[in-house]
Structure formats: structure tokens, C-alpha cells
Amino acid sequence: MSETIIRFAKVNKWYGNQFHVLRDINLDILKGEKLVICGPSGSGKSTLIRCINRLEEHQEGDIVIDGITLGDDVKAIDAVRKQVGMVFQQFNLFPHLTVLENLTLSPMWVSKVPRKEAEDRAMQQLERVRIAEQANKYPLQLSGGQQQRVAIARALCLRPKIMLFDEPTSALDPEMIKEVLDVMIELAGQGITMVVVTHEMGFAKAVADRVIFMDQGQIVEQAPPDLFFNDPQSDRTKDFLSKILGH
Amino acid sequence: MTGLTRYTSEVFAPVAARNAPRNEQGALATLRRHLFGSRFSTITTIVLMAIFLQTLPDFIAWALIHPVWTPDAALCKQAMGEGACWGVIAEKYRVIIFGYYPHAEHWRPLVATLLLLGLLVASCTRALWSQWLVLLWVIVMVAVFVILRGGWFGLSLVDTDRWGGLPLTVLLATLSIVAAFPLSVIVALGRRSNMPAISAVCTVYIELIRGVPLISVLFMASFMFPLLMPTGTKIDVLLRVFIGITLFAAAYMAEVIRGGLQAIPKGQVEAAQSLGMSYWQTQRKIVLPQALAMVVPGVMNNFIGIFKDTSLVTIVSLYELTGALGLALNSDADWRPFKLEAYLFITLIYFAGCYAMSRYSLWIEAQLSRSKAR
Numbered sequence: 001m002s003e004t005i006i007r008f009a010k011v012n013k014w015y016g017n018q019f020h021v022l023r024d025i026n027l028d029i030l031k032g033e034k035l036v037i038c039g040p041s042g043s044g045k046s047t048l049i050r051c052i053n054r055l056e057e058h059q060e061g062d063i064v065i066d067g068i069t070l071g072d073d074v075k076a077i078d079a080v081r082k083q084v085g086m087v088f089q090q091f092n093l094f095p096h097l098t099v100l101e102n103l104t105l106s107p108m109w110v111s112k113v114p115r116k117e118a119e120d121r122a123m124q125q126l127e128r129v130r131i132a133e134q135a136n137k138y139p140l141q142l143s144g145g146q147q148q149r150v151a152i153a154r155a156l157c158l159r160p161k162i163m164l165f166d167e168p169t170s171a172l173d174p175e176m177i178k179e180v181l182d183v184m185i186e187l188a189g190q191g192i193t194m195v196v197v198t199h200e201m202g203f204a205k206a207v208a209d210r211v212i213f214m215d216q217g218q219i220v221e222q223a224p225p226d227l228f229f230n231d232p233q234s235d236r237t238k239d240f241l242s243k244i245l246g247h
Numbered sequence: 001m002t003g004l005t006r007y008t009s010e011v012f013a014p015v016a017a018r019n020a021p022r023n024e025q026g027a028l029a030t031l032r033r034h035l036f037g038s039r040f041s042t043i044t045t046i047v048l049m050a051i052f053l054q055t056l057p058d059f060i061a062w063a064l065i066h067p068v069w070t071p072d073a074a075l076c077k078q079a080m081g082e083g084a085c086w087g088v089i090a091e092k093y094r095v096i097i098f099g100y101y102p103h104a105e106h107w108r109p110l111v112a113t114l115l116l117l118g119l120l121v122a123s124c125t126r127a128l129w130s131q132w133l134v135l136l137w138v139i140v141m142v143a144v145f146v147i148l149r150g151g152w153f154g155l156s157l158v159d160t161d162r163w164g165g166l167p168l169t170v171l172l173a174t175l176s177i178v179a180a181f182p183l184s185v186i187v188a189l190g191r192r193s194n195m196p197a198i199s200a201v202c203t204v205y206i207e208l209i210r211g212v213p214l215i216s217v218l219f220m221a222s223f224m225f226p227l228l229m230p231t232g233t234k235i236d237v238l239l240r241v242f243i244g245i246t247l248f249a250a251a252y253m254a255e256v257i258r259g260g261l262q263a264i265p266k267g268q269v270e271a272a273q274s275l276g277m278s279y280w281q282t283q284r285k286i287v288l289p290q291a292l293a294m295v296v297p298g299v300m301n302n303f304i305g306i307f308k309d310t311s312l313v314t315i316v317s318l319y320e321l322t323g324a325l326g327l328a329l330n331s332d333a334d335w336r337p338f339k340l341e342a343y344l345f346i347t348l349i350y351f352a353g354c355y356a357m358s359r360y361s362l363w364i365e366a367q368l369s370r371s372k373a374r
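These protein sequences, in sequence, are chains A and B.
The first sequence begins at 1 in the working numbering and counts up one residue at a time.
The second sequence begins at 1 in the working numbering and counts up one residue at a time.
Isolated chain A, as found in the complex (with noise of 0.2 Å):
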């Protein structure tokens, strides 16, 4: 567990001219490495981690994915995406497709595997977010805690080696979150490298091997996730603290 598989060295991101969103980011994540990322809204992290498999654009330095350069080279891209799994707030699945098409779609289109295999890892994944017997319904025809679960499936089905998590939990009624994060849980304990953008501290606490905070485009503070919560040592990250644990 030394190799850097994501590198930003130096990044910098605007929106427009004005809202420099990302500031001299660097970031070293070790491969297998469990990395959450926390912070206020508006604060970058969302956009830092869809700069991993280039859903936004930085615009200064050098994001370094796995070996690949991520620039404006589309083979580049494809080459990243191929490898980077991600998972949305808002699950994103095809309401149009049922869950085991959202899951096979990729396999076959991109990755050109026959049907039956995708058909064959699709049902393995579902099985492994214990949702196996929904496979012929439609995305909207399932609670959150279930679209995420199924989202969480389809970002594996291309066996990533990099996991990305865009506040997976925060759209979900507070029932439902438990059932997410004992699967990402479960994830973690299988050795894939994951990036989680989250504010549920038990589940920083449970499997984080690094916490980081961000404020204003630029990190603040990073540390294990028993120092960064018991001995945090700038003054905003203490009050952020406050305020998400303070009750």
C-alpha cells in the first residue's frame, strides 16, 4: 500500500472567471487507500472528485489517474472512465432501462462483453449489494436505499479499481442510509481504492484510512480519522466539527 494511483499536483479550477472553485489542490491517494473527504457546501469537494474521471475540467496542473494524464485526450478519458467507478447523490440511474440493463449497458457497449457474461457479472453484483431479485424492475419502481444500492452495482460492474462516491447518502430518507453504507462498508474491506464525499462521520470513522477537509477550494486539514476527529488542529476545521457532531 505505497503506490499513488491519484495524483493532483498543483490543480487549480475556475467556474466562469470569477469562482476559483479548486486552489493548488495537491493530493497524493495510495492504491486500496479509503480517502472521505468532508467539508461545507461549496467548498470544492464534489468538484475535486469528478475532476478524477473528468466530469469537470481543471483548467492548471497535472490530475494524474493510474499512470494516465488526464488532459483533453479523449482516448485518455476513456481510458480513465473504464477504470473509475462513480456513484451519484442523486443515483442516476436510466429510469428507462431496468436495473439489470442499467447494469449490463456499459459492459456491452463499452467494454464489448457478450450479453450472457454481463448478464452473469450484473447478477453477481446485485447479489453482492444484496438486491438480486429486483433485477427485472424499474429503477423507479425501488426505494432510494435500493436505486443506490443498484447504482453502487452498476459503477462495479465494470470492475473498477477506484470507486468514486458523490454523497451517496444524502438524498436518502435517514432509514435507508444504513442500508447504503453496510454496502460501501463492505466494499471497503475488499482492497478497492475508494474516494467518498460524506458528512456521516461513523462511516469516516469505520473505514477511513484518511479524512480531509476542504474549505474554499483548498484543503485544510488531513489526517487518520482519530486524530483528524479527536485532535483537530486548524480552528475551521473545529468549528466545522462543532457543527456536524455538536448534538
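Honestly, the hints are just simulated from the structure, not real lab data.
Any given hint could be a false lead.
Capping the alpha-carbon separation at 16 Å, the derived lysine to aspartate or glutamate pairs in EDC-like fashion look like this [stated by the list, open to error]:
(1) A/Lys10 - A/Glu60
(2) A/Lys82 - B/Asp161
(3) A/Lys82 - A/Glu60
(4) A/Lys161 - A/Glu3
(5) B/Lys234 - B/Asp161
(6) B/Lys266 - A/Glu56
(7) B/Lys285 - A/Glu101
(8) A/Lys137 - A/Glu101
(9) B/Lys339 - B/Asp72
Guided by the hints, dock chain B onto chain A, whose structure is given.
Just chain B now, kept in the frame of chain A:
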């Protein structure tokens, strides 16, 4: 918790779910509620009833009780004002339906029309949706062309400017719809493209076409376009008119489809991108299926519009159904007074076509809404 009373009035007991109460008032009560439920609906009901009672019996008497059924112009003249002259249709239906097409060869447009209608019915049947359908289209289209034009297999040559009536209407509408739809999808995607040149071209095309009435487009296709071509090049007038209608219809339809494209959440595209899908894969598999499903009613509006707009090609001397009606009656002093009856006849034909399309669109909507069902 001072000042707050805790409410635990009784021991909690779950209430079993039951069905909603049934409406058992019967048909008469329902009718009364709908027709005379409020002062406004009472007034509306009475006014409409009065209008119906004023007009309907007269119309029925004219159309069904006192009409002349036989193709006898003298009898028709006598009955004028009293009864309809359906004899005009018995006398003229072949010209109305087949236009200028040589009289002895009318079986050819008849077969062509039946082939086309059969093809349309087959294409609308779910059980037949497969790649074979494309082959069927090619075969039928070639067959229709060969049968109508002739010049081969011992069939006498009939040039496209003599094609007319219902076959021309169906052929023009079918070809224009089939060509305009994919074009409109491309233009709609193009207008939303990130590439400024492509987006500009599509925008200019849409705005130009929408700024001009179809009649002008047809005039241009028919009269101006040949002037711009190098002398000696001849493009068939039917082909030019077909291209004109297609370009015109596609511009309108593109905007309807763009509306659907805009309604697709950005997250859908991002999810597809994160799964490594290319632009075209994303459009084809994710965006278009959802966007097109949303705009079925609007697109069907355009289809029906194309079907009826084919009647405008008369002004460039192609006598489709409406034009052929004029052809049949204008030059015949005996029958000219009975245009109304003839127009009612082709109204029925147009209505049958439009109504079928509108019902089909409802069926498509029902098919597509299944994935939304909870």
C-alpha cells in the same frame, strides 16, 4: 418540556387498510352531476343542446334522408338545397382518388396505395419490429415506384407529374415523415452541440425555414431551384417537392425534439459518461429514448401536419388528393355545384388517416409509460 402536553391519547392500534368507498350512484346520477352539476355546466349543456338540435336534424335530413345516390346530374340539380348529391362521388371518385393517372391503368396506383398502407400497418405492429422491417421498406418502396412509374415489365411509362390523388398523398406523407424524423433528431442534437459551427448551422437552418411559409418553400423547390442549377440538370419535380416538405417539417420537429432533450437531467449524461460511454452511445442509449418518449404527442402533431400539408403541393401542379378533387370538378360544369359533397368525402379520408395516427400515438405513449409505472 414545560408548556408542552404529551399526546398519547390511547394505546396505539394499527388501522388495517381498506378499499376506497365505491361510487354507487349509477349512470344517471353521474350524468346529472357532469351535465348539470353547477350553474355554469347547466348553461353550457343547454346552449350546446340547442345548437345541436338546430343543426343536427337538418344535416341528417340533407345527408341521409333526401340525398341523391345515383350519378345523375339532373336529379342532383333538382334536389339542391334539399338533399346532398352523393352521386358526384359515384361519378368522379376515380379522378378524385387517382388524379391525372391514365384511366386504364388505375389498378396500378390502387396496388401501390395498398402496398404502402400495408407497409405502414406492418411498421406499426410491435410483433414485426425487427431489422427485417428495413428490408421490407426497401422492397415495398422499390415496388411502389416500379408499379407507379412503369417503363419496366411491360408496364407503360407514367411520369411522376401525372401521379396524383390518394397514392401521391400517402407516398409524399410517408416519405417526408420517414426522412424528416431522423433529420430533425440530428438537427436537434446539432443545435445543442458544444461545437459552435455545428450549433450555428443548425440554428440558422431552423430559423430560416421557420421564417418562411411552406408554400414559399414549395415554390422555391419547384420554380427557383431549377434556375439555380446548371442548365441541363433535371431533378424530378416530385423529388424536389419531397425534399422541400422534408426540410420544412424537420425544422419544426427539431424544436419539439430539442424540448425533450432539454428535459433530460444532466445527471443522466454524467452517469453515462462515468460509465465510459461515448457521446453517440449516450445519445442513442440514454438521452434519445427518454427525450423522444416525452415528445411523442408533439412529434405526432408534426406527423399529422405533414400528412395534411401535402395538400399544398397542388400549387406546384402535383395533384394529390385535394388537388385531384379540383381537377375532377372544376372543369365540369354539370358537377361543379356539388363540391361540398366531394369535400366531405375527402374529409373522411383525411380524418381516417389523422385519427389513426392520433390513436397510434396514444398507444405508443401507453407502451412507453410502462417503465414509469410504480
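For each hint, the structure was consulted:
1. For the hint linking A/Lys10 to A/Glu60, the alpha-carbon distance of about 7 Å falls within 16 Å, and the restraint holds.
2. Between A/Lys82 and B/Asp161 the CA atoms are separated by roughly 57 Å; this puts the pair beyond 16 Å, and the hint is violated.
3. For the suggested pair A/Lys82 and A/Glu60, the alpha carbons sit about 24 Å apart, so the restraint of at most 16 Å is broken.
4. Restraint check for A/Lys161 and A/Glu3: satisfied, since their Cα atoms lie roughly 13 Å apart, inside the 16 Å limit.
5. Of the supplied pair hints, the one linking B/Lys234 and B/Asp161 holds, its CA atoms being roughly 13 Å apart against a limit of 16 Å.
6. Between the alpha carbons of B/Lys266 and A/Glu56 the distance comes to roughly 13 Å, so the proposed pair stays at or under 16 Å and holds.
7. Restraint check for B/Lys285 and A/Glu101: the C-alpha separation of about 11 Å stays at or below 16 Å, so the hint holds.
8. Restraint check for A/Lys137 and A/Glu101: the C-alpha separation of about 10 Å stays at or below 16 Å, so the hint holds.
9. At most 16 Å may separate the alpha-carbon atoms for a hinted pair to count; B/Lys339 and B/Asp72 meet this at roughly 15 Å.
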